[in-house]
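J.: These are the residues of each chain, in order.
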Amino acid sequence: MNLPVLKATDFASDQDIRWCPGCGDYSILAQMKKVLPELGVPREKIVFISGIGCSSRFPYYMNTYGMHSIHGRAPTFATGLKTTRQDLMVWVITGDGDALSIGGNHFIHVLRRNLDINIVLFNNRIYGLTKGQYSPTSVEGQVTKSTPMGAIDHPLNPLSVAIAAEATFVARSVDANVKHLGEILKRAAEHKGTSLVEVYQNCNVFNDGAMNYAQSRDLRDDHTVELEHGKPLIFGKDRDKGIRLVGGRIEVVNTSDVPADDLLIHDEKSKDSTLHYMLSRMRYPDFPEPIGVFRDVQGVATYDDQINAQITQAKQIRGPGDLQKLFNSGDTWQVA
Amino acid sequence: MNLPVLKATDFASDQDIRWCPGCGDYSILAQMKKVLPELGVPREKIVFISGIGCSSRFPYYMNTYGMHSIHGRAPTFATGLKTTRQDLMVWVITGDGDALSIGGNHFIHVLRRNLDINIVLFNNRIYGLTKGQYSPTSVEGQVTKSTPMGAIDHPLNPLSVAIAAEATFVARSVDANVKHLGEILKRAAEHKGTSLVEVYQNCNVFNDGAMNYAQSRDLRDDHTVELEHGKPLIFGKDRDKGIRLVGGRIEVVNTSDVPADDLLIHDEKSKDSTLHYMLSRMRYPDFPEPIGVFRDVQGVATYDDQINAQITQAKQIRGPGDLQKLFNSGDTWQVA
Amino acid sequence: MSALTPGSETSPKAVENVEGITVRLAGDSGDGMQLLGTQLTNTSALLGNDIATFPDFPAEIRAPRGTRAGVSGFQVQFASNEIFTPGDVLDALVAMNPAALVTNINDLRPGGLLIVNLDGFNEKEYKLAKVKSNPLDDPRLRERYRVTEIAMTSLTRDAVAELGLGMKEADRCKNFFAMGLVYWLFGRPLDPTLRFIAAKFGKKPDVAVANEKALRAGWAFGETTEAFATSYQVEPAQLESGTYKNMMGNQALAWGLLAAAQRSGKELFYGTYPITPASDILHELTKFKNFGVRTFQAEDEISAIGATIGAAFGGTMAVTASSGPGIALKAEAMGLGVMLELPMIVIDVQRGGPSTGLPTKTEQADLLQLMFGRNGEAPVPILAPQSPADCFQIAQEAWEIAVQSMVPVVILSDGYIANGSEPWKIPDVSKMAPIEVSHPGPRAEGDEPFLPYLRDENLARPWAIPGTEGLMHRVGGLEKEDRTGNVSYDPDNHQHMVNTRQRKIDDIAKRLPLQTVFGPEKGDILVVSWGGTYGACHTAVRRCQNQGMSVAHAHVRYLNPLPANLGELLASYQTVLVPELNSGQLCMLMRAKFLVDCIGINKVKGKPFTISELVEKISGYAVDQPPVVNTHNKTDKRVQSKAG
Amino acid sequence: MSALTPGSETSPKAVENVEGITVRLAGDSGDGMQLLGTQLTNTSALLGNDIATFPDFPAEIRAPRGTRAGVSGFQVQFASNEIFTPGDVLDALVAMNPAALVTNINDLRPGGLLIVNLDGFNEKEYKLAKVKSNPLDDPRLRERYRVTEIAMTSLTRDAVAELGLGMKEADRCKNFFAMGLVYWLFGRPLDPTLRFIAAKFGKKPDVAVANEKALRAGWAFGETTEAFATSYQVEPAQLESGTYKNMMGNQALAWGLLAAAQRSGKELFYGTYPITPASDILHELTKFKNFGVRTFQAEDEISAIGATIGAAFGGTMAVTASSGPGIALKAEAMGLGVMLELPMIVIDVQRGGPSTGLPTKTEQADLLQLMFGRNGEAPVPILAPQSPADCFQIAQEAWEIAVQSMVPVVILSDGYIANGSEPWKIPDVSKMAPIEVSHPGPRAEGDEPFLPYLRDENLARPWAIPGTEGLMHRVGGLEKEDRTGNVSYDPDNHQHMVNTRQRKIDDIAKRLPLQTVFGPEKGDILVVSWGGTYGACHTAVRRCQNQGMSVAHAHVRYLNPLPANLGELLASYQTVLVPELNSGQLCMLMRAKFLVDCIGINKVKGKPFTISELVEKISGYAVDQPPVVNTHNKTDKRVQSKAG
Ligand SMILES: Cc1ncc(C[n+]2csc(CCOP(=O)(O)OP(=O)(O)O)c2C)c(N)n1
Ligand SMILES: Cc1ncc(C[n+]2csc(CCOP(=O)(O)OP(=O)(O)O)c2C)c(N)n1
Ligand code: SF4
Ligand code: SF4
Ligand SMILES: [Mg+2]
Ligand SMILES: [Mg+2]
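Top line first, the protein sequences correspond to chains A, B, C and D. Going by the working numbering, 88 is the number at position 88 of the first sequence; the sequence numbering is gapless. Going by the working numbering, 180 is the number at position 180 of the second sequence; the sequence numbering is gapless. Going by the working numbering, 445 is the number at position 445 of the third sequence; the sequence numbering is gapless. Going by the working numbering, 1 is the number at position 1 of the fourth sequence; the sequence numbering is gapless.
Derived from the structure by calculation, the hints contain no laboratory data. Please note that the accuracy of each hint is not assured.
Said to hold, decoys possible - Straight-line C-alpha distance at most 16 angstroms; calculated EDC-like pairs for lysine to aspartate or glutamate: (1) Lys13/C - Glu226/C; (2) Lys33/B - Asp10/B; (3) Lys287/C - Asp14/A; (4) Lys431/D - Asp322/B; (5) Lys130/D - Asp14/A; (6) Lys510/C - Glu457/C.
Bear in mind that the values here come from a model prediction, so they are computed numbers and not experimental data.
Chain A with its partners taken away, still in its complex shape:
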């Protein structure tokens, strides 16, 4: 069957958008609307499931099926839906508080099960909807409504945790870098298994510029490095800096001093996740922060495939369930 060709606007719902003017969420929404038509999946086959937070308002603005669920639990709803409805494309929209604070447990478990869904984590390093308390990704010492003397928790690194939780697709992008963001969302959609995309998203009201180093045109080239499979890690405005691996440790070098093939060549397909983990440890300001796809391993069984495979297998082996036969099985007796 040939599907009607859809435009970005076809994916806009009739609801007014309620984010603050200037919020990074807008550009993520725009990119999503732009990418979906390229996937050729009809709108009614797409479901957006979110938790609670500014970011989690997302589904209301998409003309698809959607569920604005409860705080931190979006992956659980997605699990029930995808395991019973493999024909649907399921997206989970979540925030740094939603996914990593109250939702941390579901986050690691959906990843390790490798359920075939796409998770977009809007990381603004703050609790937006509740008006500005620190979040698990807020930097140490950050002063917020709930930390007047500075946050004392050591922040969680979402990608490190995801990789350690057996994630098969892990990527990072930036709200302001719309072209890159669009491509990454597309990559995530194409991956079979759980895809995690962390998006650096600016909360211009409660945490403005927290990730400016990765967002602003004049800073981002020097403080981020774009990952490309099979390519060496090179960055900098003049692409004059590179990353090298020595004795299992990473260091920044000048491309002028080091031959390109001595640089670290990115291998997103490596089953061994150690290198991907190492990349996730590169943190501003010591290192440029990698953006792009850290890990994209295919061929790992998905939870929804497996649960349904067992159903099919059981039916083959024992035949489709026969209720009457079941009822009459085992010890029974007659009463005349």
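Based on these hints, arrange chains B, C and D with the ligands on the given structure of chain A.
T.: This is chains B, C and D with the ligands only, laid out in the frame that chain A set:
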């Protein structure tokens, strides 16, 4: 003051132990009773907090303060206790289901906060108390009461997750290896910050021998490698095999073919956790599984130190709180 | 009408006919008492007796051998008349060791038969059981009961000697020896158990043979020993004609869900996290993958109900289950289920509380938690099965209500029902009526817009499922606008939606059967019960009636909404008694709704009611009570919405 | 007794004395209406007026400019007499844009004063506000109200022109212009606000100056313009003598907890997870580290209460708070708190439900969740503050009960109380009585064994804290043995402990003040209310009394256990009315406990009651009601334990 010298038996409570005969929990209990007197901490200064599970019965058997709390939440009780009572030595006793299934979120958050407590995770790769369902550490394909056709979840690697969650002390030991277990428990107690000890524990009723490769005298030498800080990774009955690092990847070599200083030298103190993560990925049967201390990084601020430091600092800056002054602050008015 | 009376010991090896017998088999967890009990139950069922069973597990997996904590018991009553409980007092007790003896002897009726495994009695065992000396030496034992001491272990060893098994293997057969003896004593045939042995131990022929020998040896021993002069006979009961099967409550729930799925043309999704005593539903359902049953063992109870809601959103029949502590964790998500107005089933197999409480014991103290344990006004229908076999029925009714009203429906079972068993009449599947479920069809661009919160005559919204063209819509936990389902902060809309969600539940009463009573339509006393206490209450009321009291019994299976005629019923009796295994929860609901001075009969001991204690309590009210006040006609309507 | 009546427009610039005035300031979230409102409130308080405020935030952080969803409002009543609510109808409305006008105009009383910022009215704004044309062109507007249109933005620009600020900065000052105007209109002095400006913008002198100029310009404009003939004067109120401060509910709760900690010689631990409308308690308490307050922002609500219980176990004063959805998540752990019998406080600042519901709106629908939302029988005391300032009191009472009875105590606040404000009389700290707390001391080897569940006259167990020699003991969620606290599966012990935990709560009533009534001791109508509806109910009842009705008011601050004399009270009136912002929750509890035909007045719209709607409802019952049935004397005792 000079403390009375205590014996292991002084740490035994008057309650009958209710574990199955042959359960690995007994040896962990025995080692704990043996180690505590060596720490010179009086019994009344020690608190054991557990969740729910066979393993979580542990506190009842210790003649210290204890709390048998609710399923998966032990770290949260410990957080409230330790932040308000730094003078106490707090142990968390948990199981693979308790810590990694229902308790996964508290597990990663207590680790990242680096609260100064010791967590002993009894990993028997099964739900014991509820009579034999699979757990997050059960191997793929494992047949249990709840997985007649085999488990389809990809297991969680507790140590990988802990390391990714910014853990400062991560270790593994084995119930059957009593001497090693005792030493590791002691190391954990001595570390300032959250100490995680995973103990391979045999559930001889519902998952007997699941980790036999690491427990039985004739297998364990070939399938585990003991980590020692500053020493090369060498294993095997005849200590004829070693671990080498090539291009950020690990491989097993014959010590005869490779000079000792080409072997991977263990560095538990490295701030960069990548190498520790890599060690946590070594899995039976492909690799010998490391036992011992993977990571022991000192000098990272603990949550309890920091929260109390802010109290002290605030008192210094603003003076001890004066209720009347507070009440009278800001706009007030008189009514005659 | 007790079974074994000393007077009956006349001619040697006489066979005496008795109406019913209650036996408890007690031993160490390792002694296989549960297996012995199950076999005795099935055999008796096959004989056509009516049966009721009640296992009593130790709280620990394998509490240390020989300790009191390690005692495992299994009680069964089999009878030639209709019975509703496993029996109050024991006619016979089999005790395999001192711990089993001391922890169970008090339930044996005077003159009852006590059979002990003498080999289980020695100094070591006394210590383990924490008894000073041999309890068998206590003279009062022989005064009160008819004691028979048998060296079962050694006799079993002799019986299997020729097979040359190790002593351990040999001793493992001793429960089959006990079984054989019990079978002889109560005239049960061996064949069903022989078949079981063949099936179960087929792969280990020597074990199979050993068990069979032990079984026959036990029987032969009864036949020959001086110890027993009489054996006892229990005639078949007059059950409704049909094919029967012995059913445990959790199994019946699982099968009922299967039936509901098939009747509604749906596949079943079951999301849960293991917890006693609900886990067995998971263990049962996960066997039925060939029925299209998807079981999801979640990381916790929140994930379990989240997945359940997700599956329901996708159009699947979705069910979650837990026990008290896990249900508490589901509270927030249940509230979302109420907002989303999606059909699903939430099962609570109640256990002793509060907190971790008494996990292996039974209780009915979660009713109010399920009624009110959510933020805001979030009413849900609540049903409770009255017996193990009734679980099969209730599961299907729950699903029918869920899809008719588009709402999560709660089933309140309990540990007593879950692990107890009784005969279940196998239904004719071909005669099971379908459960109507419909989903709105696709719409094209031109069609009028789809309204996800437009309601039908049951106030149910359409179950529009993803994948349907043109029905794209968003649901969520923020208050929804009537009809469109869009987020709305409008004050009047909020009031309207709160009222509507309540009315939707209240209206269900119109479609439910009216409450019936067993006994006089009006009179002195009405006993109102719910859930697993049915058997004890029914039997107790019957006894009271036989004693000439004016007492009736109303057993409520629908707890929310309550049956439409319940208020009137309560008004027709002088006294309303409400026995509950809690501190008075249904009692409170009825007092509030009907302003009737209901009186609670409350027991919170982790144990079911005994018939005799109920008879005693009821009798206490049988004489001139003050008239009960009743104003329900005046207040019924107004109060109804409030009880939500 | 309304304030501004057209008739009063006589001599130019006349000053008219009025009893009280209710103003609402409405504009875009960006327009600084909350700040304007707070300033007006404080200034009025300093003038000695009685005050009551009610902010109305938009649901979104910054809903798009100019939209209806983006409107932010702040209502304040200031009066020379005692007032208990922010007022029903507005005497004056300031609307900064069309959206603010259309969403608020209906609350302005006929003849009321409408002041609009003309510069906020243009095509662009009409579109954003979703109005077809200029609402000011609607003739009915001028028929009904006294409309004054002022080009505030341009006037502000002129006023600050010389400072040469950017237009953006200039326009930001327009709320101070409005403020100046309002101050002139209602005879408020400028100084407090000038002080505020100096303090707040000290670091940005130009902004400070600009705001001051705008403020003065607004005042001057009122003075000079033809638009206003009259300004209004509100005399100081006759409050009890003392020093006062304007207090918001959440702040009062935080300060009350501080006071309780100091009175009991404890440091405060506050474990929470942010949620509207409870978050501000965290924001307030975290400022008080120099008081030894430790705030823990947990990863979720379960962790928050877990840490709270852990801190309580350690001997600290521990408190957790949330709102409905978060409270649901705490249910399981609260049950553990009940089992452990440790003192702590659980605060629920209620919001609109169910599920996510209406987060920024107020409601009282969590009462039954807190009463019953736990597995098993797990009763806890429940208190509810009656007004913002009362939160200071209730926090201390809660802690007193918690330590006296060793039990988690619930405080039920709500969004209306939390964000509302009123004058609070500052107490003399030196006169605050200590709250007695004791911990058992150390024991040596020889001493008799410590019994952690041995109880005192309040049935409280000893609060033995880790670190105490010889008191080592283990607590947990499994049923405990009486006295020893060891795990116990004994049936009678379970019954005893369930009863004891209930009795412990019931006994608290003996120590609590008896319920008082405002009005006749007996009569036609008793209005029973709880929580934030106090002000509206009290005022409504007073009006009814002034109209000669026989009506009294009982406001219940202790919801569990209910006051010992409440049953008797209910019996002394013909009709009992129970106004609640839910579907009848306290009403149900009282009906069940006292068998009195209480009648609910229920409103679930996310808004507080208005006085007039209550007056109307009450009046409706003021004529011959059927006598209410009352059998509480007969049933009180027995039912008591059941209502738990
Ligand atoms: C059970 C529960 N707890 C707390 C809240 C309050 N709450 C809503 S969103 C949120 C955190 C939002 O932060 P994040 O997930 O980062 O989303 P953002 O608003 O920053 O996009 C919180 C604490 C809630 N709605 N439900
Ligand atoms: C809230 C809640 N959910 C579920 C349970 C049932 N439960 C008790 S222990 C347990 C898992 C035990 O496994 P693990 O943590 O590995 O401990 P083990 O028994 O194996 O030592 C479960 C599911 C419970 N007690 N409480
Ligand atoms: S608060 Fe922050 S995250 Fe939320 S909408 Fe506004 S800018 Fe965006
Ligand atoms: S069930 Fe397994 S883990 Fe539990 S006590 Fe028995 S052997 Fe140990
Ligand atoms: Mg955020
Ligand atoms: Mg385990």
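J.: With reference to the structure, classify each hint as holding or not holding.
T.: How the hints compare with the structure:
1. Lys13/C - Glu226/C: Given that 16 angstroms is the threshold and the Cα spacing comes to 9 angstroms, the pair holds.
2. Lys33/B - Asp10/B: Satisfied, since the Cα-Cα distance of roughly 8 angstroms is no more than 16 angstroms.
3. Lys287/C - Asp14/A: It is violated: about 46 angstroms lies between the C-alpha atoms, which goes past 16 angstroms.
4. Lys431/D - Asp322/B: holds (14 angstroms)
5. Lys130/D - Asp14/A: holds (14 angstroms)
6. Lys510/C - Glu457/C: With a Cα-Cα distance of about 12 angstroms, the restraint between Lys510/C and Glu457/C holds, given a limit of 16 angstroms.
The structure fails to meet hint 3 from the earlier list, while all remaining hints are met.
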